[in-house]
Amino acid sequence: MTDLAPAFTTASTTGPDPHGHWGRFGGRFVPEALIAALDELDVARAEAFADPAFTDELSRMSREYAGLPSLLYDATRLSEVAGARILLKREDLNHTGAHKIRNVLGQALLTRRMGKTRVIAETGAGQHGVATATAAAYLGLECRVYMGEEDTRRQALNVVRMRMLGAEVVPVRSGSRTLKDAMNDALREWVATVDHTHYLIGSAAGPHPFPALVRDFCRGIGDEARAQSLELLGRLPDAVCACVGGGSNSIGIFTAFVPDESVRLYGFEAGGDGFQTGRHAATITAGQVGVLHGARSYLLQDEDGQTIESHSISAGLDYPGVGPEHAFLHDTGRATYAPVSDAEAMEAFQLLTRTEGIIPAVESAHAVAGALKVAKELGPDAVLVVNLSGRGDKDMDTAARWFDLLDEPAAEEGS
Amino acid sequence: MSERIIQPSAPGVGATFAKAKEEGRSVLIGYLPAGFPSYDGAISAFRAMVDAGVDIVEVGLPYSDPTMDGPTIQAAADQALRGGIRTKDVLRTVEAVASFGIPALVMTYWNPIERYGVERFAHDLASAGGAGLITPDLIPEEAGEWIAASDATGLDRVFLVALSSTDERLRITADACRGFVYAASVMGVTGARAQTSKGAPDLIDRVREVTDLPIGVGLGVSNGDQAAEVAGYADAVIVGSAFVRRILDAPDEAAAGVGELARDLAAGVRRRVL
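Order-wise, the sequence lines are chains A and B. Numbered by this note's numbering, the letters in the first sequence go through residues 572 to 986 in order. Numbered by this note's numbering, the letters in the second sequence go through residues 28 to 301 in order.
None of these hints come from the bench; they were simulated from the model. Remember, predicted model here, so these are calculated numbers, not experimental data. Ideal Cβ placement from N, Cα and C applies to all residues, glycine included. Check before you lean on any hint, since a few could be wrong.
As the list claims (entries may be wrong) - Heads up, simulated EDC-like pairs for lysine to aspartate or glutamate below, C-alpha to C-alpha not over 20 Å straight-line:
(1) B:115 to A:873
(2) B:225 to A:766
(3) A:947 to A:766
(4) B:115 to A:875
To be verified - Some chain B residues near chain A, calculated using beta-carbon distances under 8 Å:
(5) 91
(6) 92
(7) 95
(8) 139
(9) 164
(10) 189
Put together the whole structure using the sequences plus the hints.
As structure tokens, then:
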């Protein structure tokens, strides 16, 4: 049997260079005040990944606490509809219900190793906030989560979850009061608390070394899926599909496959109302190169370089930027990025639910919807690995409204 | 090779520091975002600053995601952007302010410059009579294109040093600066503070070890007494949020409020607390 004990390595074969650049992307565009902390983090991660005491402990936590490795599931009824064989990487079955537990356990353990006692995080829908609060409770760290005021209203249940876990939730009232502003406020606080606080960033974005750090904690998704595919099929899959917001689940599943030239990599962005409408979060498809939140990548911006607000039915993909390594994979042509509209995603959401009895996160439904298109293109002999990055319990409210599932009295505004 | 386009009317940053040194005082630098409280209102406020004794001005380029600014400057930038301020309007503001006969630098986050085109912005800034750029989220390692463009146009380039900077980084950063070095004297965002930084004098000593450039201290100064204290160890006292606060509190008397504060600060930098 293939050994699937989680292994943690830095993926030096896929970059970045020592200054955090993938080609023209990445780098550090932050106040000088943060550079010392970023340097410290960069040294600490290199030492930690080289230290069996750290990697063994993280492996143990991943196995015993998070439930890893996650299953690779042969979705036969979905495959019949799709017209190609679809294997689902079941990250939705992880503790807290998403791939995010991999990143937060890794960074929280690293926080403790650096002698810091506190973490801060930004969150959109609250999933990364809940995961961070979970890891902080598990490892005995103080935790504060910045969340846009709009989002605290839309995702009140996750606010309660975080508070139950002992985290402080700070509603952000600046700018558009959503994820990007939560990230701004987390960065603002971090400048002042950096000596004892780690900024536990939730995506493969931000200044170097965060994009590489988050990737390396998430790359187990792809390492496992690759080994599981070889065991199940005796060969590699033809394609790997994932949704892309900031890009942690997608870079997590892509990384192991990047050197396998026969494997096509597809990243599906949130097309919102349709990317032609301007109301979307399809950063690579429709954005331009620029600098946001500490790195150069693609972003949604106007002629003057002011950030444009993104739109998506999926809060986890509703972000006007994208991790720099994705920008690089796009430029080199190694991965293909395409938009999936709200409507397409919700159709796939229902299809997976009805054919397999699996309710995906709306984010992950974008990957499923994209895979349906790829399946048509590649035909019946093709095998697609699709990253089911999270479960959909959190999205029942969205589903109820989209499919009009509630009886009249309960369907009123204010959820 | 170099193409100097500085208009002759405004003295350079270097000359301004030299003159203040002769007078045995520190330089006073005042900041406001362009377009705040309005396009014309900002220019009137800068006029009031200069009339009251501000030596150099920083014209802020309002940006949607100002991660180094506290609530005061965020509010001003939001207001300016809602009012429709564009990058080209910032350049027009610089042109107007430079005509008052003082050096005008643009203080900006990096993305708007990259979007405008680094070389093109440098050319247009120099043509407008601007003295250079202060770049709070650009470190010298990422600034290759800007260093080349500022060399070609003769513009000053001011990078920031911080309390957390190592000696090696102080040297790298100061070496890349032209005009002066900006010392961020507290670990935190912009905003007026009741007390000035305790760590600042030590940071200034460390910067002087690695450079002969003048050093300006910013973050937290809001009155003449604090200015006098900072003038005791710094070559320039930089004030931003306190000016913005005056305008937020009394928008109808923007220029008067800014002028009053500027007079207090200008007196402060002339009575150094040594």
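Inset, instruction - Give me the numbers of the hints this structure contradicts, sorted from smallest to largest. - result: Those not satisfied come down to hint 3.
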